[in-house]
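In this note's numbering, the protein residues as written are 22 to 255.
The reader is advised that the hints may include incorrect statements.
Claimed, not checked - With beta-carbon atoms standing in for the labels, derived distance ranges:
hint	residue 1	residue 2	range
1	176	216	45 to 53 Å
2	180	213	46 to 54 Å
3	151	226	30 to 38 Å
4	70	160	14 to 22 Å
5	235	60	47 to 55 Å
6	219	65	29 to 37 Å
7	146	201	23 to 31 Å
8	145	216	32 to 40 Å
It is worth saying that the hints were derived from the structure and are not from the lab.
For each residue, glycine too, the CB sits at the ideal point set by N, CA and C.
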Amino acid sequence: MGKKMLLFHLWIILYSFVSVITYENIALHKSAWQTFTNGHSAANFAVDGLKSNLSQCAAFGYDHKEAEWGVDLGGMRSIHHISIQYATGNLKWGKNNDYAPYFLGFSVYISNTTSREDGVMCFRDTNYTLATIPNPVNINCPYHGRYVIYYNNRTHKPYPDGYSSSTYSDLCEVEVLGCKQLGFYGRTCSFPCPRNCLDGLCHIADGTCSMCSKGYKGTLCNRSKCISMKTNKQ
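Go ahead and model the full structure; you've got the sequences and the hints to work with.
Okay, here's the thing in structure tokens:
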């Protein structure tokens, strides 16, 4: 094998290794809660890492008009995206699946308290139909927070076509992909945020600062602000 061919194969191996590196599931085995639990389907079933057996899910909200599930990440974390695997009844997912009407219309919040009203809504389904809602759903949610909250309601009629009349929810797995340690970004969570980002927080993907410490400006907070000094004339 020639030297060029060997280098080519080594590059392919290295690229393949790097391409599979991704953010860590920071919700795995964390403390979870839900409203109106159905039977023995506890909230922690949605963060137990078991996705192949779709009968082990967090079921809640049967015959109610509102339903909520949440997970405590154990501290403020930097979140990249969230993946939600809904129950299928071990049947093919699609418009004829009996679980699909209950999945429609959900929202996802990131909060620093257990109240969704204190946080930011990073997703609300207003467009999916029985024919288009995917399973799992992947949601880009580049925020910082401690609690991830899933919410659905059927409080305002008329409901859109295909929607269920109650908020029975059946979450098989909720994965929160991100960085455990604040102040870092990138898929390996190994790049430190720019030093002048306010509170050391930056965008998890590109490292840009959402706000700068006093006296700095720019997306990386690496430019000094000019401070004008006014003097009183006598």
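Structure-based check of each hint:
no.	hint	result
1	176 to 216: 45 to 53 Å	holds (47 Å)
2	180 to 213: 46 to 54 Å	holds (48 Å)
3	151 to 226: 30 to 38 Å	holds (32 Å)
4	70 to 160: 14 to 22 Å	holds (19 Å)
5	235 to 60: 47 to 55 Å	holds (54 Å)
6	219 to 65: 29 to 37 Å	holds (35 Å)
7	146 to 201: 23 to 31 Å	holds (28 Å)
8	145 to 216: 32 to 40 Å	holds (35 Å)
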